[in-house]
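Asks: Hey, can you work out the whole structure from these sequences and the hints?
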Amino acid sequence: MSDSQIASPLRVRDLRKAYKDVVAVAGIDFEVRPGECFGLLGPNGAGKTTTIEICEGLTPADSGDVEVLGLRWATDAAELRQRLGIQLQETQLAEKLTTLETLTLFRSFFRQGPSPAEALALVQLEEKRDARVGALSGGQKQRLALACALVGDPALLFLDEPTTGLDPQARRQLWDLIEQFKRDGRTILLTTHYMDEAQQLCERVAIMDHGRIIAHGTPRDLIASLGVEHVVAFSTEGHADLQVFETMTGVRSVRGSGDGRAELQVSELHTCVPALLAELGRQGRPLTSLTTHSATLEDVFVSLTGRHLRDE
Amino acid sequence: MNRSIELHPFVQLTLMRVREFIREPEAVFWALIFPILLAGGLGVAFRSDSPAPVPVVVTSPELASTLVGDPALDVQLADEARAVEALRGGRALLVIEQAADGTAVFRYDESNPEARAARLTANQALQVAAGRIDPVAVQDDLWTETGSRYIDFLIPGLVGMGIMGNAIWGLGFSIVDSRRRKLMKRIVATPMPKHLYLGSFLAWRLMLLPVEVGVPVIFGAIAFGVPVRGGVIDLAMISIVGAFAFAAIGLLIASRARTIEAVSGLMNFVMLPMWILSGVFFSADRFPDAMQPLIRALPLSALIDALRASMLQGTGLVQLWPQLAVLGAWMLVAFAVALRIFRWR
Chain A
1 MSDSQIASPL
11 RVRDLRKAYK
21 DVVAVAGIDF
31 EVRPGECFGL
41 LGPNGAGKTT
51 TIEICEGLTP
61 ADSGDVEVLG
71 LRWATDAAEL
81 RQRLGIQLQE
91 TQLAEKLTTL
101 ETLTLFRSFF
111 RQGPSPAEAL
121 ALVQLEEKRD
131 ARVGALSGGQ
141 KQRLALACAL
151 VGDPALLFLD
161 EPTTGLDPQA
171 RRQLWDLIEQ
181 FKRDGRTILL
191 TTHYMDEAQQ
201 LCERVAIMDH
211 GRIIAHGTPR
221 DLIASLGVEH
231 VVAFSTEGHA
241 DLQVFETMTG
251 VRSVRGSGDG
261 RAELQVSELH
271 TCVPALLAEL
281 GRQGRPLTSL
291 TTHSATLEDV
301 FVSLTGRHLR
311 DE
Chain B
313 MNRSIELHPF
323 VQLTLMRVRE
333 FIREPEAVFW
343 ALIFPILLAG
353 GLGVAFRSDS
363 PAPVPVVVTS
373 PELASTLVGD
383 PALDVQLADE
393 ARAVEALRGG
403 RALLVIEQAA
413 DGTAVFRYDE
423 SNPEARAARL
433 TANQALQVAA
443 GRIDPVAVQD
453 DLWTETGSRY
463 IDFLIPGLVG
473 MGIMGNAIWG
483 LGFSIVDSRR
493 RKLMKRIVAT
503 PMPKHLYLGS
513 FLAWRLMLLP
523 VEVGVPVIFG
533 AIAFGVPVRG
543 GVIDLAMISI
553 VGAFAFAAIG
563 LLIASRARTI
573 EAVSGLMNFV
583 MLPMWILSGV
593 FFSADRFPDA
603 MQPLIRALPL
613 SALIDALRAS
623 MLQGTGLVQL
633 WPQLAVLGAW
643 MLVAFAVALR
653 IFRWR
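Sequences listed follow chains A and B, in order.
277 is the number that my numbering gives to position 277 of the first sequence; each next residue is one higher, with no gaps.
All you need for my numbering is the position in the second sequence, starting with 1, plus 312.
It is possible that part of the hints are untrue.
Stated by the list, open to error - Some chain B residues near chain A, calculated using beta-carbon distances under 10 Å:
(1) E318
(2) Q324
(3) R335
(4) D382
(5) P383
(6) L495
(7) I499
(8) T502
(9) R657
I should point out that these hints are in silico values taken from the structure, not numbers from a laboratory.
All residues carry an ideal CB built from backbone N, CA and C; glycine is no exception.
Replies: This is how it looks when you write it as structure tokens:
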């Protein structure tokens, strides 16, 4: 990429934005490094879309500084528009146009970039070139939206919740494409409320909640900061006494949800699970379910906020 | 990459308008076929070759036998209840009863000119049959020249109404739809110059105009011999000015609305008064004098007046300057305001 010499493709300092009575972004700082995929991870309403739209020059900030490719929206908007690739949340492209016509339209706005047919190939939609947009599946529409973001050969790509609402197979296909863009050396800012997506795609993530960044780093470091390897989730008939688990060896934290379900964050499965079973047996509370998984970014979010990412 | 003319953003944006329109069969129907059906239907209903006899219901056989020979009246005999029913249902415009003393009683709606005419005709027939001799001799010289019939009046009205409706509906729905779908926001996030986006709507209107105006005018000329006395160039110029004025008004209507419901309401709010006041189906001169300045200032009145004067009387563009000035003023003001308040997302 011609812009790889820029120290930081995107630098955000003390960014703030409030709508009427809601503070959407309450002072955040972050920096995206060349060639990386940086993720803004957080639940709906955390301020991710407001943040990315300010960076895209679509929403004015109340205060703070946003530097994109070394330029600023106030003075260099025309130049920035040429060099950014943008995929918005929930854009519905014109249904009556074919995919190739849509890309030809978008390509006509940019001074340079791949041809419409090449852009179609980048998202593996060649066989749909003459299909109307209205006849595409959700995943195909989303891939076309990605292609529209690529027709200007952007130095920086903004992807706002690119897989929201897609089925697992379509999500995986989109992830493969984004992995390919990363291999091509593109810098990406991505928002998502799927922790597995952030974990899979992003070199670094910033976890947002209520307009603030509550943690940031590589997914590996963030998970390691929990000091736990695994999460044990279980439920019982009636209410088990959870107090005793807090002092059990290897257990870092205990969360009960009041309806018989509980989660333990543990460092060692092989000692904690037998101990858990023995304790429940002693209390006379039969298990109705038991699952374990390796700690994820979701667990980081839970330990920081006490809520799940997709709690309403 | 070689930038051919076909890849110019203005060409691509205009192509998008055209494709969205022609790939929507309903839109084509309402814009192009509907005016023909309307003109055809009204032309048949109001054909002027021989006026249809006025339906009259008579309750006494004596009166009926007196009136039955009159070609202007379609006389039926019925009892009073059925006669009143026919009057109410619009199947008869006049009911004639005979009172006990022989007086003929006319029952009709005074505000209906046809009913008034039927009353005069029936009265005349009754008086003559009873022995009245008219002191003044009269003779009818019937006037059927093209340009003075109802269909001649109607075609320019429909052309004007079509220009208004297509411009306002076309712009209103496409702009609000692309705003609602966030397609507008997505396009604004590219380097596209915004004036090309708005300009593409004007280009699209201009491309459709020959069809929109040509279809009803050619139909009128072939089916009813409606004249285009001012010539095709003048007709085109007036239509273009009108189309731009209404495109600007459509842009203004659509400048902030976020939902189709909201913009539909606004469009009807703007168009309904003009459908009624601007003389599409009947002369605007029927409204009180006090309202005339207001009516003349409406863009549709100006457009239809100009179209009628040009098509039917052959009035030149220079003499039509007041109408063209009204349209120009609407275009400039609406466009200026729309650009100031336009919501791009």
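Asks: Next, verify each hint and record whether it holds.
Replies: Each hint tested on the structure:
1. E318: Holds - the Cβ of B/E318 comes within 10 Å of chain A, reaching about 8 Å at its closest.
2. Q324: Cβ of B/Q324 sits 4 Å from chain A, so the hint holds.
3. R335: holds (4 Å)
4. D382: Given a least distance of 60 Å, the restraint on B/D382 is violated.
5. P383: Violated - the Cβ of B/P383 stays beyond 10 Å from chain A, reaching only about 57 Å at its closest.
6. L495: holds (6 Å)
7. I499: Because about 8 Å separates B/I499 from the closest Cβ in chain A, which is inside the 10 Å limit, the hint holds.
8. T502: At about 4 Å, which falls below the 10 Å cut-off, the nearest Cβ of chain A leaves the hint on B/T502 intact, so it holds.
9. R657: holds (7 Å)
Of the numbered hints given earlier, the model fails hints 4 and 5; all others are met.
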